[in-house]
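Asks: Going line by line, the protein sequences match chains A and B. Residues 1 to 171 in my numbering are what the first sequence spells out, letter by letter. Residues 172 to 660 in my numbering are what the second sequence spells out, letter by letter.
If you are wondering where the hints come from, they were derived from the structure by calculation, not from laboratory data. Computed from a predicted structure; not experimentally measured. Fair warning: there could be bad hints in the mix.
A partial selection of chain B residues facing chain A, derived with a Cβ cut-off under 8 Å [to be verified]:
| # | residue |
| --- | --- |
| 1 | Ala454 |
| 2 | Pro455 |
| 3 | Gln578 |
Which stretches of chain B does chain A cover? Using the computed rule of at least three CB atoms under 8 Å from a CB of chain A, they are [what the hints assert, rightly or not]:
| # | stretch |
| --- | --- |
| 4 | 345 to 357 |
| 5 | 620 to 629 |
Glycine included, each C-beta is placed from N, C-alpha and C at the ideal position.
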Amino acid sequence: MCAEHDSLTTTSRRGFLFKLGLALNAIAAALVGIPVIGYILGPVRRSAGQEWIKLGVVGSFPEGQTRLATYENPFRVAWDGPTAKIACWVRRIGGEQFQVFAVNCAHLGCPVRWFPQSRLFMCPCHGGAYYEDGSRASGPPPRGLFEYEYQVRDGQLWVRGGQLPTLAGPV
Amino acid sequence: MPRGTRALESIARWFEERTGVTQALAPVMAHPVPRRTASWWYVFGSATLALFALQIATGICLALVYVPSADQAYQSLRYLNDQAALGWFLRAVHFWGSNAMVLVMTLHMIQVFLWGAYKYPRELTWIVGVFLFLCTLGMAFTGQILRWDQDAYWGLGIGASIAARAPVIGSAIVHALLGGPIIAGRTLSRFFAVHVFLVPGILIGLIGLHVWLVLRLGVNEWPMPGRVVDRETYRKRYEEEVHKDGVPFFPVAARKDMVGMSVVILAVLACAAFFGPYGPNGAPDPTITDASPRPDFYFLSLFALMALLPPWTETAILLVGMPLAIVLLLAVPLIAPAGEKSWRRRPVSVLSVILIVLVVTTLATLGVRSPWSPIMDAGTALATPVAYVQGRTPLQLQGALVVQNKQCRNCHSLGGEGGSRGPALDGVATRLTRDQLIRQVLQGGGNMPAYAKNLTPAEVNALVAFLESLRPPNQSPARASFTPRPATR
């Protein structure tokens, strides 16, 4: 009777079997756990999230005006539905000189709206306001609007985007 | 005895012989509790549990129809609202149940705090309770996302923008949260799994632990001033009292719990039937930029705080203040594990509760009105009050048009209509002189953008002429301090 109980730590065969059980389970837990964590953190990749996207022909953006343009998220999946679409504000200063702003307010990401008459962007959430060049006019935003990198190629306007613009990862 | 009853009894006996459930549970149900705790003040915990059961039942029903996919979720919610038999009612019950759960759980928390229930030996019960509270708020936030409308989309944007403020790992947190670089299909799937599997699983486990601790340590006695908690003697004294002057939990205390549970459930059902389901509000199309996202009520206070804090304190308060508040909440029983339990002898505790409740409700009330948000369609939707155009010169009338066209009323009200981010313009001429008006319009300042580049000199002239006319007839216009006073007769 006693022999069955005393052997957890001794070097008997039963003790070995107990330790083997512990070790095998630890290995199994690690082999399950590591891929699970890797899977959950899969979306965390630094450089991913930037790609050149065509916004449209330069001629569709009148000089001196700011217009809403939309594009499809380059990293879309088939089931994204309406959320695959992303909007941005395109300001054509003149010629091939542009400014392309993210719609997301630099404060907490709400969609800013352009008011052509007063030439201001206003945010509906906490009242941030920006001038037409994207610089901060008033309210809580800690900086100006997030601005896309752009290119004009063969008469087309391209921007580099694809990730949610935030203070940690501006477009 | 009628035949049917006898048959039922024999079936019950058959099960009891094999499971022993009654034998095991009877002493648990009948365990003695302090007499005075059979009180209406002690019903909030069981009422929260009842609401949780309601949420599970209605949640499973909704999952029978809801499609957790970004391209179909919105339509499936509309289908639930408009077409599925009683779908609208189950959605409404789930929504009102979630509101009630947050509310009743908060009441439970306030009650046990004021009654000193977190003191020795029930520290862990409180700590588990705080985690239950946090998980419930997590359910509230993720549930709001599953509504997959404009509020959900931009709410996620706000959540991500807050997370992004974390130094170094901000971007990693955002991507892990969203399941990708941007809010899209993978985000909804993630939040669905968290809302339906992960957090409910944690909640069930923690509730088991919480109830186990309550049963093992006994219901907190009614606190009496002067009856100080002492680690050496507390448990012995509690046992003695409960056995000398206790009442069986079932049915004496449970009667009130049962009434409390049914009252909250009936209230939720009544709200659901009367007010119906909430949302979904607008398709989750991020190219519709005229959305004005608002959080559900439990996050309105945070929403208000983000508008009212000085901008430079925001990141510190989000990243340090909020975690600190949670740590403080968890540490309550470790800070004051013994001593007085009665609220009559704990003025700091009572004042803290009053202060926190006042702050949260005030902020939430402000969040409903959100006076800091511009009225985005004021320029086109509001009429200029007739009194402000009557008898005006052509120049002043042009100025009235400038006020309208340049979206001044998004932030400034006129005749009680318009935004309240800036001061009302009625009577502005009694506060600012002509020069001050011009300077304010051109240079901005004090939360107002500068309009120098956006107005022609003629527009400024007209605007200021109109603003100068905005004063009650019996009040004199503002004067610069160096203007000599007219000699009084």
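Asks: Take the hints in turn and mark each one as holding or not.
Replies: Hint-by-hint comparison with the structure:
1. Ala454: holds (6 Å)
2. Pro455: holds (6 Å)
3. Gln578: holds (5 Å)
4. 345 to 357: It holds: at least three residues are needed, and the stretch 345 to 357 of chain B offers 12 whose Cβ sits within less than 8 Å of chain A.
5. 620 to 629: n = 5 at 8 Å, threshold three: holds.
The earlier numbered hints are all upheld by this structure, with none contradicted.
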